[in-house]
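K.L.:
Read off the chains here:
Protein chains: 2
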Amino acid sequence: MRTLLLVADGLGDRPVPELEGMTPAEAARTPHLDRLASEGICGLLAPIAPGIRAGSDTAHLALLGYDPYSTYTGRGPFEALGIGMAVERGDICFRCNFATVDERMVVVDRRAGRIARGTRELAAALDGMALPGGVVALFRESVEHRAALILRGQGLGAAVTDADPHAEGQPVRQVQGTDQASEQTAAAVNEFVRRSYELLRDHPVNRERVAQGKPPANIVLPRGAGVAPHLEPFREKYGFTGAAVVEVGLIKGIAGYLGMTVVEVPQATGGYDTDEHALARAALAALAEHDFVLCNIKAPDLAGHDGDALRKVAAVEKVDGLVRTLLAGLPTDTILVCCADHSTPVAVRDHSGDEVPCLIRGPGVRTDSVAAFGERPMAAGGLGHLVGNNLMPLVTNLMGTQEKFGA
Amino acid sequence: MRTLLLVADGLGDRPVPELEGMTPAEAARTPHLDRLASEGICGLLAPIAPGIRAGSDTAHLALLGYDPYSTYTGRGPFEALGIGMAVERGDICFRCNFATVDERMVVVDRRAGRIARGTRELAAALDGMALPGGVVALFRESVEHRAALILRGQGLGAAVTDADPHAEGQPVRQVQGTDQASEQTAAAVNEFVRRSYELLRDHPVNRERVAQGKPPANIVLPRGAGVAPHLEPFREKYGFTGAAVVEVGLIKGIAGYLGMTVVEVPQATGGYDTDEHALARAALAALAEHDFVLCNIKAPDLAGHDGDALRKVAAVEKVDGLVRTLLAGLPTDTILVCCADHSTPVAVRDHSGDEVPCLIRGPGVRTDSVAAFGERPMAAGGLGHLVGNNLMPLVTNLMGTQEKFGA
Chain A
0 MRTLLLVADG LGDRPVPELE GMTPAEAART PHLDRLASEG ICGLLAPIAP
50 GIRAGSDTAH LALLGYDPYS TYTGRGPFEA LGIGMAVERG DICFRCNFAT
100 VDERMVVVDR RAGRIARGTR ELAAALDGMA LPGGVVALFR ESVEHRAALI
150 LRGQGLGAAV TDADPHAEGQ PVRQVQGTDQ ASEQTAAAVN EFVRRSYELL
200 RDHPVNRERV AQGKPPANIV LPRGAGVAPH LEPFREKYGF TGAAVVEVGL
250 IKGIAGYLGM TVVEVPQATG GYDTDEHALA RAALAALAEH DFVLCNIKAP
300 DLAGHDGDAL RKVAAVEKVD GLVRTLLAGL PTDTILVCCA DHSTPVAVRD
350 HSGDEVPCLI RGPGVRTDSV AAFGERPMAA GGLGHLVGNN LMPLVTNLMG
400 TQEKFGA
Chain B
0 MRTLLLVADG LGDRPVPELE GMTPAEAART PHLDRLASEG ICGLLAPIAP
50 GIRAGSDTAH LALLGYDPYS TYTGRGPFEA LGIGMAVERG DICFRCNFAT
100 VDERMVVVDR RAGRIARGTR ELAAALDGMA LPGGVVALFR ESVEHRAALI
150 LRGQGLGAAV TDADPHAEGQ PVRQVQGTDQ ASEQTAAAVN EFVRRSYELL
200 RDHPVNRERV AQGKPPANIV LPRGAGVAPH LEPFREKYGF TGAAVVEVGL
250 IKGIAGYLGM TVVEVPQATG GYDTDEHALA RAALAALAEH DFVLCNIKAP
300 DLAGHDGDAL RKVAAVEKVD GLVRTLLAGL PTDTILVCCA DHSTPVAVRD
350 HSGDEVPCLI RGPGVRTDSV AAFGERPMAA GGLGHLVGNN LMPLVTNLMG
400 TQEKFGA
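Top line first, the protein sequences correspond to chains A and B.
Just so we're aligned: 124 in numbering that gives the first Met the number 0 is position 125 of the first sequence, and the numbers increase by one with no gaps anywhere.
Just so we're aligned: 256 in numbering that gives the first Met the number 0 is position 257 of the second sequence, and the numbers increase by one with no gaps anywhere.
Just so you know, not all the hints are guaranteed correct.
Identical copies go unnamed one by one, so any copy, or any two together, can satisfy a pair.
Stated by the list, open to error - Listed below are the simulated EDC-like cross-link pairs for lysine to aspartate or glutamate, each with C-alpha atoms no more than 20 Å apart in a straight line:
#, residue 1, residue 2
1, Lys403, Asp353
2, Lys213, Glu235
3, Lys213, Asp201
4, Lys236, Asp161
5, Lys213, Asp305
6, Lys403, Asp305
7, Lys403, Asp349
To be clear, the hints were calculated from the coordinates, so they are not data collected in a lab.
What you are looking at is a predicted structure, and each value in this text was computed from that prediction instead of being measured.
Go ahead and model the full structure; you've got the sequences and the hints to work with.
P.N.:
Given below as structure tokens:
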């Protein structure tokens, strides 16, 4: 028995007036998703808990059976994972901005004019910096002014304040730790920030920016410290291997951190134009090698963030196309789960705490009378209302791999 | 976006033979509640957890998003809040009885003949008493023989036994503490009890009672110690202000303790004769000043305690009248939640652990096919089965004020 967990990113939504009060999933033409609903057991799933607004990171942790509350200490580690950094357990990780300060260390522009080019060179000047106490700084650029910092060393704590003052016209903050281990981290961050100014101030990239009348990216401001959590590797936790066929860096990062195989699919752009059939074929190929495959398609979430109901309908239909290709090659001994990681309603243009559709189809499933995919048709299904952490026990129960609790 | 949380106190019930097997909510004529059910999303709510019998205090804590298990250490603090005492965080609070003891300190009457008058004067003789260790005793009468005691001082614990032997013919108990901080409390309580006897024994109120052949209220017996919990103020927890338009002292006390504005409504009697339209108008007025308004109407609970099915039907129809007046003036950007704090079945004449109807109506809500208010029609609704602590996340999700957990 194998499991394919298909996550339609941000698919859940609310009734949309433009769609005559239907949600995009209800309004879309989805014969293959409807077939799954009809052949499986359906319900609604709250990724974290009812009403709680989940991020993609916390939601995927929950769907994969990890408790997000005890493992999620801050954005930093997931930001670093999301841009492909090799995060190790115990690393102290930060989100960072390239920013502009004046000679008094007052922040003039928190985003250095939303710098678009040259950050790779700037990051390279900081990456690998040796800091007091045997701490090493790993640093890498993300998109625009964004970057991530890892502090790796012995006995570091994550309970530190931000260097970023979160407002312009304010001086760069001295970072402080609330305990001895975190004070050691604070000293390292403060030294990193000080030296980032020394190293970036006269960097060729910045000399060119100044010549062009642009604000120089002359300092790095870390914030959102978190410790890379001690997550049990996926294979040790479940006794079988997992692969991830996903489009977004953040999810690739989490899967890799759990020791899952991350499959690259060149035609998967992570955009509206992604090749959903290529994703499906890659998932089927991964399923030949692994007992568990996570597949995530990003398009519905994009349409939600863009507030575009018609594009969201089209994105749901893209998910339906993915399912069509999946069903053509899916081994019969496969548990197919189809859900979302959170709702991204077009009216909200961001993640919301509304439940998402969830269905399980495969051998042994107690089917119900739901025959259509969507939030309201599936509310009456046999699964009832679940939370994200319920999913893996339901799956390993059907796979027959779960140990009995008791005698 | 604003929220009005309407709590019909004790509304939930069980099938009543006298009502042809319907519950009072099912039997009542409720066109406006039915309209809410039809326009909103419905379900059933267990205030604490399925089957757990909730008090009004623990239920309201849960509905407002506070964990009742970690914050409720005993009845004492809520008894004191309920009679309007200015409880402060860390106070050790007790429920008390005025009782009658003989000269050997054996309890002759635990309720001092259910003393009806004079307790204000007796309480005044004890209020403000200075006790060893810098502890001050605040003391106030409630109805009949009931009263509340607050011990305020440094380093007091709440793990103490009762002075009340809970049976007549038994001597007053020496109070004992299970740790050092609670031993300090025990010493203060024992001294308070001893001096209550000294001060009340020959009090004019008691001389008159003895002359009339009534048992004197010559001692105070504390029990049910609890520490006033460290609850995060409502405004800090949610980022918006709240007001309470409620009839019962206990709920007023909890709301005030959370820093909510407590609105007095002179026509709200807390009885069967309360003016439900005055309550609705006061709630609408409060909604103009606050983002969140709690409104509680007591009548259904009274009818449950009285075991009177027809009066309970009438009380539910009073709630419907309240909703009629509400709907006439409710701003369109309002999330309206209608539920109960617990069931008070007429067959039980006390609170039960049965779920209560719960509906949410307002912009963004995923409606369902429920069209009638009541326990069984709403069981099939889109909300499914909730617990009290789910409510505020669902509300702040719809209000758009909840921070995202993750990225």
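K.L.:
All hints are to be evaluated individually against the structure, with a verdict given for each.
P.N.:
Results for each hint:
1. In this assembly of identical chains, Lys403 and Asp353 lie within 20 Å of each other by CA distance solely across copies; the values are 12 Å between and 33 Å within a copy.
2. Proximity of Lys213 and Glu235 under a CA criterion of 20 Å is satisfied in neither setting, with 51 Å inside one chain copy and 40 Å between copies.
3. Only within a single protomer do Lys213 and Asp201 lie at most 20 Å apart by alpha-carbon distance; the minimum there is 14 Å, versus 88 Å between protomers.
4. In this homomeric assembly, Lys236 and Asp161 never come within 20 Å of each other (Cα to Cα): the closest approach is 34 Å inside a single copy and 22 Å across copies.
5. Proximity of Lys213 to Asp305 under the C-alpha cut-off of 20 Å is found in neither arrangement, the shortest distances being 29 Å within a copy and 77 Å between copies.
6. With identical chains, the CA atoms of Lys403 and Asp305 are at most 20 Å apart between copies only, with a shortest distance of 18 Å across copies and 46 Å within one.
7. For the identical chains of this complex, Lys403 and Asp349 are inter-copy neighbours only, at 9 Å across copies versus 40 Å inside a copy, given an alpha-carbon limit of 20 Å.
When the structure is compared with the earlier hints, violations turn up for hints 2, 4 and 5 and for no others.
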